[in-house]
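S.K.: Sequence:
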Amino acid sequence: ALTNVYDPSGSVVIHGEKDGKYVPMSATEAKDLVGCTVKYEYVDLEKNVQTGMFGKITKVGEYDPDSTDLQEVKLTITHVGVQDYVLDLLGTVSEVVKRFFGCDFSQDTQTVTAYIKLEKEEEGSFKLDTADKSQVYRISSSTQIPQFLKGNVQIKYRNGAIKQYDVVGQTDAVITTKGLLSTYYRVVNWGTVRVKFNVAGRTIEKYASIQKPNKFTFSASDYSVNIGDACYITSRVSLRAVYVDVVDGVEKETSTSITLSLDDFYINGTSLAQDSNDWGHHASYGIDTLVFYRSNDYVVQVVKNEFRSEPFILKVTDKAYVETEFALNVKNELPLSETQDTTISVTGDVVNSLHGEGEDKDHTLKISIYDVATGKSASEDCIKELSVGANVLEPATSANGSKVYSVFLPNLIKSGVAFKLSLSFANVGKYRVTVQIDSETVYKAEITVTARA
Numbered sequence: 002a003l004t005n006v007y008d009p010s011g012s013v014v015i016h017g018e019k020d021g022k023y024v025p026m027s028a029t030e031a032k033d034l035v036g037c038t039v040k041y042e043y044v045d046l047e048k049n050v051q052t053g054m055f056g057k058i059t060k061v062g063e064y065d066p067d068s069t070d071l072q073e074v075k076l077t078i079t080h081v082g083v084q085d086y087v088l089d090l091l092g093t094v095s096e097v098v099k100r101f102f103g104c105d106f107s108q109d110t111q112t113v114t115a116y117i118k119l120e121k122e123e124e125g126s127f128k129l130d131t132a133d134k135s136q137v138y139r140i141s142s143s144t145q146i147p148q149f150l151k152g153n154v155q156i157k158y159r160n161g162a163i164k165q166y167d168v169v170g171q172t173d174a175v176i177t178t179k180g181l182l183s184t185y186y187r188v189v190n191w192g193t194v195r196v197k198f199n200v201a202g203r204t205i206e207k208y209a210s211i212q213k214p215n216k217f218t219f220s221a222s223d224y225s226v227n228i229g230d231a232c233y234i235t236s237r238v239s240l241r242a243v244y245v246d247v248v249d250g251v252e253k254e255t256s257t258s259i260t261l262s263l264d265d266f267y268i269n270g271t272s273l274a275q276d277s278n279d280w281g282h283h284a285s286y287g288i289d290t291l292v293f294y295r296s297n298d299y300v301v302q303v304v305k306n307e308f309r310s311e312p313f314i315l316k317v318t319d320k321a322y323v324e325t326e327f328a329l330n331v332k333n334e335l336p337l338s339e340t341q342d343t344t345i346s347v348t349g350d351v352v353n354s355l356h357g358e359g360e361d362k363d364h365t366l367k368i369s370i371y372d373v374a375t376g377k378s379a380s381e382d383c384i385k386e387l388s389v390g391a392n393v394l395e396p397a398t399s400a401n402g403s404k405v406y407s408v409f410l411p412n413l414i415k416s417g418v419a420f421k422l423s424l425s426f427a428n429v430g431k432y433r434v435t436v437q438i439d440s441e442t443v444y445k446a447e448i449t450v451t452a453r454a
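The sequence shown lines up with residues 2 to 454 when you count with the numbering used here.
Fair warning: there could be bad hints in the mix.
[Claimed, not checked] Straight line, CA to CA, 27 Å or less: simulated BS3-like cross-link-like pairs of lysine-lysine: (1) LYS367 <-> LYS431; (2) LYS157 <-> LYS179; (3) LYS207 <-> LYS121; (4) LYS305 <-> LYS332; (5) LYS134 <-> LYS57; (6) LYS32 <-> LYS179; (7) LYS377 <-> LYS367; (8) LYS253 <-> LYS362; (9) LYS367 <-> LYS421; (10) LYS415 <-> LYS431; (11) LYS75 <-> LYS134; (12) LYS151 <-> LYS134; (13) LYS213 <-> LYS197; (14) LYS253 <-> LYS305; (15) LYS57 <-> LYS32; (16) LYS377 <-> LYS445; (17) LYS118 <-> LYS134; (18) LYS151 <-> LYS305; (19) LYS134 <-> LYS213; (20) LYS415 <-> LYS377; (21) LYS128 <-> LYS157; (22) LYS151 <-> LYS207; (23) LYS151 <-> LYS128; (24) LYS320 <-> LYS415; (25) LYS60 <-> LYS134; (26) LYS213 <-> LYS253; (27) LYS431 <-> LYS362; (28) LYS362 <-> LYS385; (29) LYS216 <-> LYS60.
What the hints contain is simulated information worked out from the structure, not anything from laboratory work.
These numbers were taken from a predicted model, which means no experiment stands behind them.
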């Protein structure tokens, strides 16, 4: 059974009493039920009464808007079994839970029964009291609701009942940040601001005056971000509003930080809140995140009403990947000496010496064999076969007397990739054998080849 219904600001708009007597609501007010928060109780399978449950109304069943009798209405709600403040964070919290724990309690819906009594409003009785229009406010940041957002509603019904409750208005001049323990209200604009009160099926506009600061202080640090990474540019600048008051003939300055959003940042006249060919927005943990698609040194300016900041640089670079490096764990070494025309092999496993990033790809493997005495290459004649993994490789090119191969190697090698180099020397002499993967030398040895007996 429904006990209370709250509007989005947390004010009780319907109160249910255990004896079945309910404070009435008008048909106009009933239009606002979707999006409201409900507090309800239910009886579980063990016949225990569960109380203190909260949920958001997502659908309202059929009801007769012209009836003044107590009537039953089915409400579809999305609920959570935690404290009611979590409902204010429902989108973000559910996104994190879904991502890390594989469940999504924001999709846990239930139909509950509400008993509402619609009553006709007494004509002309609706009243919304708000702050004094002559009051001038300032840019501020507080857990207290700004006075110009506060309202008090009074409705009188034809049956003589009077309902009175508080409401909170909405305006672009205030950024509301909801946390687990507190909600912060940050006044971020100045001039004449419009405040909307959505209440009792009505949208009512009021206006408030925010004093322009006497001056501003601004600082920005040059910021670098990789293509595709989340860009938190709003945290890299500081804009403060400074008010100057004269107290007993002495000037006193009061400084307050102005919370900035992407709407306040511009590149070539385009707000970072808008998508462009160079940047866009991706959802991350339920939060809209700015990312860049192209590298550049972007000139950024903060624009807030008539305030224009000094330009500063946002450097967007191609992502710097850590390249994978490889080593060769040799199992069968090249012998110190061997007779000519004998086939010998170097065997082992190719492994990671450094795990890298990015895509798996082909790597360059180079075999170099030189006569130590003459400095001449012997690679062409001495290499009989090279295999990596299950593949026998064919040289792609010859470069400066070396044989160059292309071999596919993953960034992460778990158990080693088999390596086998088979050689045979036709001429006597001393030879130096070098194996390189990309630019790293992974094996080097010398062998003396003697004449066959």
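S.K.: Could you grab the alpha-carbon distance between LYS415 and LYS431 and see if it respects the 27 Å cut-off?
M.R.: Not OK: LYS415 and LYS431 at ~37 Å, beyond 27 Å, violated.
S.K.: Given the hint that LYS431 pairs with LYS362, does the C-alpha gap stay at or below 27 Å?
M.R.: violated, 36 Å
S.K.: Are the Cα atoms of LYS32 and LYS179 separated by 27 Å or less?
M.R.: It holds: about 26 Å lies between the C-alpha atoms, which stays within 27 Å.
S.K.: For the pair supplied as a hint, LYS320 and LYS415, confirm whether the alpha-carbon distance does not exceed 27 Å.
M.R.: holds, 26 Å
S.K.: Check the hint pairing LYS75 with LYS134 against an upper bound of 27 Å on the C-alpha distance.
M.R.: violated, 42 Å
S.K.: Need the status of pair LYS134, LYS57: alpha-carbon distance at most 27 Å?
M.R.: Distance of about 34 Å is beyond 27 Å: violated.
S.K.: Given the hinted pair LYS151 and LYS128, is their Cα-Cα distance within 27 Å?
M.R.: Roughly 14 Å between the alpha carbons, so the hint for LYS151 and LYS128 holds.
S.K.: Starting from LYS415, check that the Cα of LYS377 is at most 27 Å away, please.
M.R.: Violated: LYS415 and LYS377 sit about 38 Å apart, past 27 Å.
S.K.: Are LYS367 and LYS431 close enough, with their CA atoms no more than 27 Å apart?
M.R.: holds, 20 Å
S.K.: Hinted pair, alpha-carbon criterion (27 Å max): LYS207, LYS121. Please report holds or violated.
M.R.: holds, 26 Å
S.K.: Check the hint pairing LYS213 with LYS197 against an upper bound of 27 Å on the C-alpha distance.
M.R.: holds, 21 Å
S.K.: What's the verdict on LYS151 and LYS134, does the C-alpha distance respect the 27 Å limit or exceed it?
M.R.: With Cα atoms ~12 Å apart, LYS151 and LYS134 stay inside 27 Å; holds.
When held up to the earlier numbered hints, the structure conflicts with 2, 4, 5, 8, 10, 11, 17, 20, 25, 27, 29 and fits the remainder.
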